[in-house]
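Listed in order, the protein sequences are those of chains P and G. Take the first sequence: its letter number 196 is residue 939 in our numbering, and every next letter is one higher. Take the second sequence: its letter number 38 is residue 781 in our numbering, and every next letter is one higher.
Be aware that a few hints might be false.
Heads up, the list lumps identical chains together, so a pair's fine if it works in one copy or across two of them.
[To be verified] Simulated crosslink set (DSSO-like; lysine-lysine; CA at most 30 Å straight-line):
{"#": "1", "residue 1": "Lys864", "residue 2": "Lys925"}
{"#": "2", "residue 1": "Lys909", "residue 2": "Lys923"}
{"#": "3", "residue 1": "Lys909", "residue 2": "Lys793"}
{"#": "4", "residue 1": "Lys864", "residue 2": "Lys793"}
{"#": "5", "residue 1": "Lys793", "residue 2": "Lys923"}
{"#": "6", "residue 1": "Lys925", "residue 2": "Lys793"}
Because the hints were derived from the structure by calculation, they are not lab data.
Number of protein chains: 2
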Amino acid sequence: MRRTNIPEAAIRRLPIYLRVVSELAAADVPIISSAELAERTGLSPEQIRKDLAYFGAFGTRGVGYDTSLLSRRIARILGLHRGVRAALVGVGHLGHALARYSISQHKDIQITALFDTDPEKIGTDVMGVRIQPVSQLVETCRQQGVKIGILTVPASAAQSTAELMKQGGIEAILNFAPAKLKLDGVFIQNIDLTIELQSLAYYTSASEEDPGEGE
Amino acid sequence: MRRTNIPEAAIRRLPIYLRVVSELAAADVPIISSAELAERTGLSPEQIRKDLAYFGAFGTRGVGYDTSLLSRRIARILGLHRGVRAALVGVGHLGHALARYSISQHKDIQITALFDTDPEKIGTDVMGVRIQPVSQLVETCRQQGVKIGILTVPASAAQSTAELMKQGGIEAILNFAPAKLKLDGVFIQNIDLTIELQSLAYYTSASEEDPGEGE
Chain P
744 MRRTNIPEAA IRRLPIYLRV VSELAAADVP IISSAELAER TGLSPEQIRK DLAYFGAFGT
804 RGVGYDTSLL SRRIARILGL HRGVRAALVG VGHLGHALAR YSISQHKDIQ ITALFDTDPE
864 KIGTDVMGVR IQPVSQLVET CRQQGVKIGI LTVPASAAQS TAELMKQGGI EAILNFAPAK
924 LKLDGVFIQN IDLTIELQSL AYYTSASEED PGEGE
Chain G
744 MRRTNIPEAA IRRLPIYLRV VSELAAADVP IISSAELAER TGLSPEQIRK DLAYFGAFGT
804 RGVGYDTSLL SRRIARILGL HRGVRAALVG VGHLGHALAR YSISQHKDIQ ITALFDTDPE
864 KIGTDVMGVR IQPVSQLVET CRQQGVKIGI LTVPASAAQS TAELMKQGGI EAILNFAPAK
924 LKLDGVFIQN IDLTIELQSL AYYTSASEED PGEGE
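Using the sequences and the hints, build the whole thing.
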């Protein structure tokens, strides 16, 4: 259970490293220095060395990291080497856009199931993935071995839908609904657009906390 | 310049407090204890007291927080009391969904301008906000006093579009493009769906870091 000792912030940086080193590996660049990795990610070389040390030392001092090796290692750490299945519930405007984006972009995380309650949507598909009734969620997710849930339902339906996801064997949820989920044993990451935008306002001259930059 | 001493994590929790206390204030619940605020937000009472103390002590020991006062105070801290204008660039599937969502939900942060490069989209509108050519971005944002930019363009166009946003007077950017922006003097918050999903995979049994939960 090494994972419990690794800070969430470090886990969230692994995909950033993965993107850089896998692009380099694909372009036949065999080695990257931590200075170059820092330049390309905007993180400090110290941060990078510290993050990667959580998973064992990969770099060779004075040489750098083997891009192909590091790419494969990070993919394994994240569990992406086997492919991870995801289901999205709530195919409204945001859900539809996220489904299209995810289905088209991700090879290592595959959206294999979509769910909605709207009879007009059920039976239609998004880029080849059929929209099923929410009543099928538990069974379909179990059958397909879905591990990740993407929740884009209204706030009022978020908790009950998340509980169904758990019943279906989902272990981690990306929650876009503006609702606080209470669910033991499932990792939950919230993305709340209202919170993102309101936080951003603080860093503008609209905030009263910095009169020096006022309009 | 008090803002420089306040952790970004604390700023990101302010909208969560704001949501709870403004709902209570609207429902004529005048007071909330820090224990109740903790229950409703999922944060600890200690965290809440610490966060709010950054902006002056609002609570009365043994009584709680005045919901109406706290709601107004947080709105002022974030700069939401005057309303903040935002522009979204890149009205693809994700941009369109985010524009619809934001225009319909936010009263304190208003999307007043949309931009795209596609001639078929220019001149059409999303919920009453017209899509303009990106060539108009700088002028329109300056005229309207837009402070926040939402970036939903492809990675290849992200840096150049962000630079136009800065020229237009935008001070904070919510970046959905999978690209690292380099832009001094502008606060940038990245939301990268690939990174979110790949990080989530770590917390599932697909990850090799926890063989005990393996399939």
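Here is how each hint holds up against the structure:
1. Lys864 - Lys925: within (28 Å within a copy, 41 Å between copies)
2. Lys909 - Lys923: For Lys909 and Lys923, only the intra-copy Cα distance (16 Å) is at most 30 Å; the inter-copy one is 34 Å.
3. Lys909 - Lys793: neither (34 Å within a copy, 33 Å between copies)
4. Lys864 - Lys793: neither (47 Å within a copy, 46 Å between copies)
5. Lys793 - Lys923: Between copies only: 21 Å across chains, 32 Å inside a chain, cut-off 30 Å.
6. Lys925 - Lys793: between (33 Å within a copy, 24 Å between copies)
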